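Engineer: Protein chains in written order, with the working numbering: chain F, 147 to 416; chain G, 147 to 416; chain B, 2 to 321; chain R, 2 to 321.
In case anyone wonders, no lab produced these hints; they're calculated from the structure.
As the structure is a computational prediction, the values presented were derived from the model and not from experiment.
For glycine and all other residues, C-beta sits at the position ideal for the given N, C-alpha and C.
There may be inaccurate statements among the hints.
[What the hints assert, rightly or not] If you want a taste of the chain F side facing chain B, the calculated C-beta under 8 angstroms gives, among others:
{"#": "1", "residue": "Met147"}
{"#": "2", "residue": "Asp152"}
{"#": "3", "residue": "Leu154"}
{"#": "4", "residue": "Val155"}
{"#": "5", "residue": "Leu191"}
{"#": "6", "residue": "Ala193"}
{"#": "7", "residue": "Ala194"}
{"#": "8", "residue": "Pro195"}
{"#": "9", "residue": "Leu196"}
{"#": "10", "residue": "Tyr232"}
{"#": "11", "residue": "Trp302"}
{"#": "12", "residue": "Ala336"}
{"#": "13", "residue": "Pro371"}
{"#": "14", "residue": "Ile387"}
{"#": "15", "residue": "Gly389"}
{"#": "16", "residue": "Leu392"}
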Amino acid sequence: MPIDVDALVMSNDRLSATYNVLELAAPEVAAAARPGQFVMVKQNLAAAPLLRRPFSVFEVLRDERGDPVGLSILNKRIGIVTDALYALEPGQRLRCLGPLGRAFSLSSPPGEAWMVAGGVGLAPFATLAEALRAAQVPATLFYGGRSSEDLVYEDWFRQRGVRVRLTTEDGSRGESGLVTGPLEQALGTAATPPTIYACGPTPMMRAVAALAHEHGSPSEVSLEPVMGCGLGGCYSCVVRIRGGRLVRSCLHGPVFAGDRIDWDALAGAA
Amino acid sequence: MPIDVDALVMSNDRLSATYNVLELAAPEVAAAARPGQFVMVKQNLAAAPLLRRPFSVFEVLRDERGDPVGLSILNKRIGIVTDALYALEPGQRLRCLGPLGRAFSLSSPPGEAWMVAGGVGLAPFATLAEALRAAQVPATLFYGGRSSEDLVYEDWFRQRGVRVRLTTEDGSRGESGLVTGPLEQALGTAATPPTIYACGPTPMMRAVAALAHEHGSPSEVSLEPVMGCGLGGCYSCVVRIRGGRLVRSCLHGPVFAGDRIDWDALAGAA
Amino acid sequence: MSAVDLAVSCGPLRLKNPLVAASGCFGYGVEYADVVDLSALGAVAVKGLFLEEREGHAPPRIVETPSGMLNAIGLQGVGVRRFVDEMLPQLRAREAVTIVNICGTTVDEYAELARILSDAPGVAALELNISCPNIKAGGTTFGCSLHGLTDVVSAVRRATALPVIPKLTPNVTDVAAFARAAEEAGADAVSLVNTFLAMAIDIETRRPRLSNVMGGLSGPAIRPIAVRMVYECRQAIDIPIMGMGGVMTADDVVEFLIAGADAVQVGTANFVDPFVWPRLLEGLTAYLARHGHHAVSDIVGAVDLPEPAAARTTPESGAR
Amino acid sequence: MSAVDLAVSCGPLRLKNPLVAASGCFGYGVEYADVVDLSALGAVAVKGLFLEEREGHAPPRIVETPSGMLNAIGLQGVGVRRFVDEMLPQLRAREAVTIVNICGTTVDEYAELARILSDAPGVAALELNISCPNIKAGGTTFGCSLHGLTDVVSAVRRATALPVIPKLTPNVTDVAAFARAAEEAGADAVSLVNTFLAMAIDIETRRPRLSNVMGGLSGPAIRPIAVRMVYECRQAIDIPIMGMGGVMTADDVVEFLIAGADAVQVGTANFVDPFVWPRLLEGLTAYLARHGHHAVSDIVGAVDLPEPAAARTTPESGAR
Ligand SMILES: Cc1cc2nc3c(=O)[nH]c(=O)nc-3n(C[C@H](O)[C@H](O)[C@H](O)COP(=O)(O)OP(=O)(O)OC[C@H]3O[C@@H](n4cnc5c(N)ncnc54)[C@H](O)[C@@H]3O)c2cc1C
Ligand SMILES: Cc1cc2nc3c(=O)[nH]c(=O)nc-3n(C[C@H](O)[C@H](O)[C@H](O)COP(=O)(O)OP(=O)(O)OC[C@H]3O[C@@H](n4cnc5c(N)ncnc54)[C@H](O)[C@@H]3O)c2cc1C
Ligand SMILES: Cc1cc2nc3c(=O)[nH]c(=O)nc-3n(C[C@H](O)[C@H](O)[C@H](O)COP(=O)(O)O)c2cc1C
Ligand SMILES: Cc1cc2nc3c(=O)[nH]c(=O)nc-3n(C[C@H](O)[C@H](O)[C@H](O)COP(=O)(O)O)c2cc1C
Ligand code: FES
Ligand code: FES
Numbered sequence: 147m148p149i150d151v152d153a154l155v156m157s158n159d160r161l162s163a164t165y166n167v168l169e170l171a172a173p174e175v176a177a178a179a180r181p182g183q184f185v186m187v188k189q190n191l192a193a194a195p196l197l198r199r200p201f202s203v204f205e206v207l208r209d210e211r212g213d214p215v216g217l218s219i220l221n222k223r224i225g226i227v228t229d230a231l232y233a234l235e236p237g238q239r240l241r242c243l244g245p246l247g248r249a250f251s252l253s254s255p256p257g258e259a260w261m262v263a264g265g266v267g268l269a270p271f272a273t274l275a276e277a278l279r280a281a282q283v284p285a286t287l288f289y290g291g292r293s294s295e296d297l298v299y300e301d302w303f304r305q306r307g308v309r310v311r312l313t314t315e316d317g318s319r320g321e322s323g324l325v326t327g328p329l330e331q332a333l334g335t336a337a338t339p340p341t342i343y344a345c346g347p348t349p350m351m352r353a354v355a356a357l358a359h360e361h362g363s364p365s366e367v368s369l370e371p372v373m374g375c376g377l378g379g380c381y382s383c384v385v386r387i388r389g390g391r392l393v394r395s396c397l398h399g400p401v402f403a404g405d406r407i408d409w410d411a412l413a414g415a416a
Numbered sequence: 147m148p149i150d151v152d153a154l155v156m157s158n159d160r161l162s163a164t165y166n167v168l169e170l171a172a173p174e175v176a177a178a179a180r181p182g183q184f185v186m187v188k189q190n191l192a193a194a195p196l197l198r199r200p201f202s203v204f205e206v207l208r209d210e211r212g213d214p215v216g217l218s219i220l221n222k223r224i225g226i227v228t229d230a231l232y233a234l235e236p237g238q239r240l241r242c243l244g245p246l247g248r249a250f251s252l253s254s255p256p257g258e259a260w261m262v263a264g265g266v267g268l269a270p271f272a273t274l275a276e277a278l279r280a281a282q283v284p285a286t287l288f289y290g291g292r293s294s295e296d297l298v299y300e301d302w303f304r305q306r307g308v309r310v311r312l313t314t315e316d317g318s319r320g321e322s323g324l325v326t327g328p329l330e331q332a333l334g335t336a337a338t339p340p341t342i343y344a345c346g347p348t349p350m351m352r353a354v355a356a357l358a359h360e361h362g363s364p365s366e367v368s369l370e371p372v373m374g375c376g377l378g379g380c381y382s383c384v385v386r387i388r389g390g391r392l393v394r395s396c397l398h399g400p401v402f403a404g405d406r407i408d409w410d411a412l413a414g415a416a
Numbered sequence: 002m003s004a005v006d007l008a009v010s011c012g013p014l015r016l017k018n019p020l021v022a023a024s025g026c027f028g029y030g031v032e033y034a035d036v037v038d039l040s041a042l043g044a045v046a047v048k049g050l051f052l053e054e055r056e057g058h059a060p061p062r063i064v065e066t067p068s069g070m071l072n073a074i075g076l077q078g079v080g081v082r083r084f085v086d087e088m089l090p091q092l093r094a095r096e097a098v099t100i101v102n103i104c105g106t107t108v109d110e111y112a113e114l115a116r117i118l119s120d121a122p123g124v125a126a127l128e129l130n131i132s133c134p135n136i137k138a139g140g141t142t143f144g145c146s147l148h149g150l151t152d153v154v155s156a157v158r159r160a161t162a163l164p165v166i167p168k169l170t171p172n173v174t175d176v177a178a179f180a181r182a183a184e185e186a187g188a189d190a191v192s193l194v195n196t197f198l199a200m201a202i203d204i205e206t207r208r209p210r211l212s213n214v215m216g217g218l219s220g221p222a223i224r225p226i227a228v229r230m231v232y233e234c235r236q237a238i239d240i241p242i243m244g245m246g247g248v249m250t251a252d253d254v255v256e257f258l259i260a261g262a263d264a265v266q267v268g269t270a271n272f273v274d275p276f277v278w279p280r281l282l283e284g285l286t287a288y289l290a291r292h293g294h295h296a297v298s299d300i301v302g303a304v305d306l307p308e309p310a311a312a313r314t315t316p317e318s319g320a321r
Numbered sequence: 002m003s004a005v006d007l008a009v010s011c012g013p014l015r016l017k018n019p020l021v022a023a024s025g026c027f028g029y030g031v032e033y034a035d036v037v038d039l040s041a042l043g044a045v046a047v048k049g050l051f052l053e054e055r056e057g058h059a060p061p062r063i064v065e066t067p068s069g070m071l072n073a074i075g076l077q078g079v080g081v082r083r084f085v086d087e088m089l090p091q092l093r094a095r096e097a098v099t100i101v102n103i104c105g106t107t108v109d110e111y112a113e114l115a116r117i118l119s120d121a122p123g124v125a126a127l128e129l130n131i132s133c134p135n136i137k138a139g140g141t142t143f144g145c146s147l148h149g150l151t152d153v154v155s156a157v158r159r160a161t162a163l164p165v166i167p168k169l170t171p172n173v174t175d176v177a178a179f180a181r182a183a184e185e186a187g188a189d190a191v192s193l194v195n196t197f198l199a200m201a202i203d204i205e206t207r208r209p210r211l212s213n214v215m216g217g218l219s220g221p222a223i224r225p226i227a228v229r230m231v232y233e234c235r236q237a238i239d240i241p242i243m244g245m246g247g248v249m250t251a252d253d254v255v256e257f258l259i260a261g262a263d264a265v266q267v268g269t270a271n272f273v274d275p276f277v278w279p280r281l282l283e284g285l286t287a288y289l290a291r292h293g294h295h296a297v298s299d300i301v302g303a304v305d306l307p308e309p310a311a312a313r314t315t316p317e318s319g320a321r
């Protein structure tokens, strides 16, 4: 049951000219959030722009006793609201409605979990990494970006026992090329098919889902359509699934089994 | 020739829960401003609300060499923008278009100048007081408000040699009653008819204009209609003058001779 | 405040308060059951229903505009039977007063929908969405043709004993004429406004921002036009009006009531703030109490016209 | 960027760029001579003129609304003779391309205004404001009646050799039909949109916020509806279109051009920022240069329709 909190901004860590991490004092939302779920945020109910914007719950922030005190969101600037979130200062407030949507389904040991992130697609994987660790599932993060500036927070994952493989298209960091390169290579040599989780640009997720399918790995992708409400009320967020039906990704997603998505339709919509 | 400056807020002095004084770094506007003129302000061209708001130039701020470095506005909270101006912090910016409108005409010695202000109607009189002082015109300020919180900045005037007579409706400060009380009394005993300047609620300005007329004093009033543009473009700010014509108060005013206004029409419009 | 009674009646329809969730902005109601106490609303107008399941338009289906949004959902929906079997029981269990928004491509479809829903337990009223896509009557939608409107309303009127509420489109020259036609055809009330046909173009791709090219504008941007239309209809008809268009706050609700609405629907605001309902109810109650009113009806249509202006309130008089 | 030529032609009217100050939002032009280089604008459409001086409505005449404003000025004006004697010479001196916006209460008044202005040196074109108050033709304004529009345009056409540009009201069911009627009646171009009839009520006093009760909505709020109407008219007529409605930025100008406008008028933005003009011109030039265009006409009407959607671009298809 989602709630709406007028959350205090506890900190704004600007990682680069385009990425920042906002820490929000929304303990109840954080406590209820499961890996892959999202929140709908808006700066001030009365202010423009009109509609809220969806953001994955990035970290669940805890006090020394381990109790949730808030959550963070990893923000990438692409327009009006993401620019405003980049400019937010501690002490200001952000309305935060959540947790919303369908979470990742956790794989269980001994099977491995591989997370594949493209740029800001890293966002849903911090909470997933924590959950995998708690379930003692060996985890790897394949993390790609256009260039080194698009790669943030990798140490955070390493510190939590996640193996990290970096790629950049311009080769400025890690292996050069697309994130699917190392993934395919690794899949080829994997003893048992890992569970694969992907979030990033649609073509990337499509490629990952296809690779997973080829190698007999189950896959889950987290989609990012435009969302008007996040609660199933507006029917703006539909994606076509295999078999032809259009389903609301705020309710039946944002996490879907890679095999369920009609990727041709999704490509057309973007 | 008015200009538009994206002025830095140098300070925000909150005098009470409803009044504040904003100091704006707009030297060119300040240098050109004459007593009674106004500026049209807006926080950010793109942001809501859509239209600018008119404010009298309160003080012209000068450096030690006496050169204008900016201007201040005396703001009273009554709605969206005036609330926002109350909340502004130093370092933020305010678009400031001006100077605009017709200024007060200066009386010359030995004649006296009496300024009659109701509440925030004090705003146009700081610059007028400076000008009168420079012209060595003896000046008196009749200054009334609902209660003591509505009376601000009187010392500023005293320090500039202005005689100040305070009234409050609730008697919490100065004489109790309306500002027109002491004015009428003083007019009765005045050796030679002073020039009278008034700014405040319409009924007050009307009463002052009538008293001035009775006692053979020339009067000027500064009106405050809703203004859409401040430049004569929209025809929203018209007031009816004697003889029946509707004139734009942003061009032909805001300062008018008290005798020129059709006060019945103005009362109806409010 | 306890002295204030918010109950209103829209013709035969009794509502515990005048606030109604607008069709298409509240799913089938059940989606909001976790965040909103459905029984606390005057009523819930569910998403537009056709006889059959419908897929709707391809995404992108919405785009934001200044103080508003465009949508071209295309009436994706489960069809009336699944609604009756799956959603309606849940709505009854939540004690929601359910208004079913129906759409057809022919007059007979509207009548058929009306018959089916008349037999379904838990339907409080029918709202006729006569400005849907692909509904042609003499080259224009039912909603834009007086004959089309009359035909649909009369047919539904004959087919059901439920309260019939045609929903008027604002995309017409004289909305009051459509309200009159609805009244004459036997409508119990009218609701207005539906969205304004609009369009936005991505200047980089030069593609329309909606897959359907055009969509409907809703939200605060349209409120002043909607208020005008409700006011015009109030002068033209005697049956109740459900007013809507850009309501975000209790003050907006009051503005529609004063303009002449007997009830007020709230659409886009649900997306911005699903918890808006308690605030609207409290704000309305506080306003009525502050002004010494005991009933909502005290302020319905209570516009105070300045005398000289009274003569000038014809549709022409506002335009430049 | 220097390779970009902003010149456009609206029928017989050649403009050095497509940006035109909208009538009633720029006074008689002369008011802005200090802050705007009038000769740098494509043209200036001056405030609506009647034959005689007009007083207009009592204040309050404007009120702000979400992303827009209502106005009911009532066409206060100096009358055509004083305009010709006092303002026109100043406009000529400033080398402004002057479009005179004319209003009448009868067809003959329009024709008479056209004759007077045809003899006046320095008038570039006539814009016919056919949505003024108090103009009745068969019970509605000229602007809301196809016959009324046809009568006015034909009469003015006969009376003058100047370019004739009827300005269409958006308060109609099918604006494209009015554009066609204007074309058939001999108009050289059409301009649209005028304001949307609207209303706002002060809930404390219950008085309309405008003395005239109703007024016209302008500003960003209406842009998506205006863009849709320009697009519809572009499909319907061959004569040039001057598009407007809520233009605040160069991106908005480009959106109207892509929708099908040959020139773009800017109204309310003048109130928000009288210095908007250079920014609009620079922004438009930069856009054209970035996209490798050398002329504005390259992007006029250049909407890129997704194929499947092309079939669905009828006025109905967007509404819910
Ligand atoms: C479930 C979900 C989780 C998300 N998680 C994150 C996250 O953790 N971090 C993050 O930075 N972003 C995330 N996004 C994307 C984020 O919601 C958009 O970037 C944001 O809504 C853009 O808002 P804006 O006002 O800045 O852009 P606007 O100014 O509204 O639009 C700018 C441009 O971006 C496009 N756009 C608008 N919405 C989206 C969208 N949802 N996806 C892609 N393009 C869009 C517009 O079409 C336009 O072209 C998520 C989206 C979803 C659906
Ligand atoms: C020439 C001139 C000089 C002015 N100088 C000052 C000044 O120095 N200091 C100062 O505090 N104010 C001054 N004002 C008044 C000031 O412009 C208004 O208080 C302001 O525009 C209100 O904006 P808002 O957004 O806060 O109110 P809104 O939220 O827009 O409106 C709130 C309420 O105030 C009413 N209102 C709106 N505009 C005005 C107005 N111009 N006058 C009275 N009521 C209005 C509205 O009708 C509404 O009922 C001046 C006005 C003029 C015309
Ligand atoms: C996403 C969306 C879907 C809508 N679907 C319907 C619908 O199915 N049937 C209908 O009659 N109106 C529909 N409408 C119109 C609304 O019910 C309402 O008339 C309109 O949005 C104006 O009110 P608002 O500004 O409060 O949203 C829809 C509006 C939106 C925004
Ligand atoms: C205060 C005001 C006065 C106007 N006066 C006229 C007029 O005299 N004649 C006319 O044809 N249009 C008039 N209009 C309409 C504008 O020219 C324009 O069509 C409308 O405002 C939409 O454009 P915008 O959103 O850029 O303002 C007026 C608009 C405003 C806001
Ligand atoms: S975002 Fe509104 S239904 Fe999914
Ligand atoms: S404020 Fe626009 S004409 Fe005076």
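Engineer: Of all the hints given earlier, name the ones this structure violates by number, lowest first.
Structural biologist: 2, 3, 4, 6, 10, 11, 12, 14 and 15
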